Amino acid sequence: MKLADGLFLESCREVATKYPGIKYNEIIVDNCCMQLVSKPEQFDVMVTPNLYGNLVANTAAGIAGGTGVMPGGNVGADHAIFEQGASAGNVGNENLLEQKTANPVALLLSSAMMLRHLQFPSFADRLETAVKLVISEGRYRTKDLGGSSTTQEVVDAVIGALD
Amino acid sequence: MALMQVLRRVLGGSGSTQISSTARAFSSAPAPIKATLFPGDGIGPEIAVSVKQVFQAAEVPIEWEEHYVGDQIDPRTQSFLTWESLESVRRNRVGLKGPMATPVGKGHRSLNLTLRKELNLYANVVRGVVESLKIITRQASLRVAEYAFHFAKTHGRERVSAIHKANIMQKTDGLFLKCCREVAEKYPEITYEEVVIDNCCMMLVKNPALFDVLVMPNLYGDIISDLCAGLVGGLGLTASCNIGEAGIALAEAVHGSAPDIAGKNMANPTALLLSAVTMLRHLELYDKAERIQDAILNTIAEGKYRTADLGGSSSTTDFTKAICGHL
Numbered sequence: 001m002k003l004a005d006g007l008f009l010e011s012c013r014e015v016a017t018k019y020p021g022i023k024y025n026e027i028i029v030d031n032c033c034m035q036l037v038s039k040p041e042q043f044d045v046m047v048t049p050n051l052y053g054n055l056v057a058n059t060a061a062g063i064a065g066g067t068g069v070m071p072g073g074n075v076g077a078d079h080a081i082f083e084q085g086a087s088a089g090n091v092g093n094e095n096l097l098e099q100k101t102a103n104p105v106a107l108l109l110s111s112a113m114m115l116r117h118l119q120f121p122s123f124a125d126r127l128e129t130a131v132k133l134v135i136s137e138g139r140y141r142t143k144d145l146g147g148s149s150t151t152q153e154v155v156d157a158v159i160g161a162l163d
Numbered sequence: 001m002a003l004m005q006v007l008r009r010v011l012g013g014s015g016s017t018q019i020s021s022t023a024r025a026f027s028s029a030p031a032p033i034k035a036t037l038f039p040g041d042g043i044g045p046e047i048a049v050s051v052k053q054v055f056q057a058a059e060v061p062i063e064w065e066e067h068y069v070g071d072q073i074d075p076r077t078q079s080f081l082t083w084e085s086l087e088s089v090r091r092n093r094v095g096l097k098g099p100m101a102t103p104v105g106k107g108h109r110s111l112n113l114t115l116r117k118e119l120n121l122y123a124n125v126v127r128g129v130v131e132s133l134k135i136i137t138r139q140a141s142l143r144v145a146e147y148a149f150h151f152a153k154t155h156g157r158e159r160v161s162a163i164h165k166a167n168i169m170q171k172t173d174g175l176f177l178k179c180c181r182e183v184a185e186k187y188p189e190i191t192y193e194e195v196v197i198d199n200c201c202m203m204l205v206k207n208p209a210l211f212d213v214l215v216m217p218n219l220y221g222d223i224i225s226d227l228c229a230g231l232v233g234g235l236g237l238t239a240s241c242n243i244g245e246a247g248i249a250l251a252e253a254v255h256g257s258a259p260d261i262a263g264k265n266m267a268n269p270t271a272l273l274l275s276a277v278t279m280l281r282h283l284e285l286y287d288k289a290e291r292i293q294d295a296i297l298n299t300i301a302e303g304k305y306r307t308a309d310l311g312g313s314s315s316t317t318d319f320t321k322a323i324c325g326h327l
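Going line by line, the protein sequences match chains A and B. Position 35 (the first sequence) corresponds to 35 in full-length UniProt numbering; numbering is contiguous. Position 177 (the second sequence) corresponds to 177 in full-length UniProt numbering; numbering is contiguous.
Hints are computed from structural coordinates only; laboratory data are not their basis. Keep in mind the model is a prediction, meaning the values are calculated, not measured. One or more hints might be untrue.
Stated by the list, open to error - Covered stretches of chain B (in silico footprint by chain A; criterion: 3 or more residues with CB under 8 Å from a CB of chain A, positions within the stretch not fixed): (1) 235-247; (2) 289-297.
As the list claims (entries may be wrong) - Straight-line distance between alpha carbons at most 20 Å, and here's what the computed EDC-like set of lysine to aspartate or glutamate pairs gives: (3) B:Lys153 - B:Glu245; (4) B:Lys186 - B:Asp222; (5) B:Lys206 - A:Glu41; (6) B:Lys206 - A:Asp30; (7) A:Lys39 - B:Asp309; (8) B:Lys52 - B:Glu284; (9) B:Lys321 - B:Glu290; (10) B:Lys153 - B:Glu194; (11) B:Lys117 - B:Glu87; (12) B:Lys206 - A:Asp144; (13) B:Lys206 - B:Glu189; (14) A:Lys132 - A:Asp163.
Glycine included, every Cβ here is placed at the ideal spot set by N, Cα and C.
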């Protein structure tokens, strides 16, 4: 898509020249998806137009553990709203609501991102550390992570892990 | 006696045993089907030789018409692909294509695009993913949806999933979905579902077994087929086939021409071989197709002969010989 994506790339290149210390490269989205599923560690920061961004985010979420764990944020010039990074499968899932087994990790980590954005890094660190501890410990996990805990149990565990 | 002498001269065999076995095959085999072969660039010619060898060992009744990309633009096609080569595919209705590197420069169409447009190839099949090649129109959507359901039915598949983003692109993807629904009604025995592409990406990565046959517009198709290729081991192993009007089919290896290993007898011919198998299925030579596919998979599974990209150290020719041995 030479005109639309061409303009996007031109703009990226312009900005890249202002950051000579940061490596910049371009990759076609088809190839990118393939690389993501076979060797994701080659990527660091990715910038894309919105349509691809959704696909890439969901693919990455799939590899990293699912929509239940991936945080995200929407940042504008004057405002910022933080929410789960990938959307698939959550909206309109009645079961999760009834059984109260939705995974709170994604939103918790998103709120940590928000704290960082508000320049409260130590609060953000504390929250993130607690969440990561609970996940790695493995005792309190919702169904999507292979466990059988409820939302509340995971949250209580995170609170308990806060130092 | 006289017949043997004639056969020997015509077929060029050396030993008498070889002649008699070829004579048996010659008398009972169906008339060979002509197929166009575009070996392509880079590693293309080497892996094309592998296909020819395996087909010969499996006694596939195919006669190849080889065509190459020229080094000058043919004014009749506005491309490096000559008019004769396109006519060859139109006439034979079936072909196999290796990787083609479009020469850098402006003022001419990409080779792959030329092929698709000139031959009106509207559906691309990659491991059960079908994509349409035109901007979204009712006609094109119906056509590719028909192909998807027909493909599912003839290959014993149970479910077709239409991949879309109609929540955002209501007019274009909305039209696409409407067409898919229309066709789905004609195939009540096949389960039809619609999945937003974001979900699809995630589901593919977490549990690809949830899907069977996928149908979608071209933009998503490119992305999803590459994603699937990554999941199954990369483009070096992926088979693909382009379907056109009135039963034309052009199977192709979708990997690149790998100029850095060209001519070194290192290339993995699996993608082109599996694409050739797709071509055989299109020609309804199911028996040969299964035999060759089994031979390829068994060779890879055995692990003794693998090319470098699969972690082994075999040459193209050794790997090909091993496949022939497994036939």
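- Would you list, in rising numerical order, the hints stated earlier that this structure does not obey? 1, 2, 4 and 13
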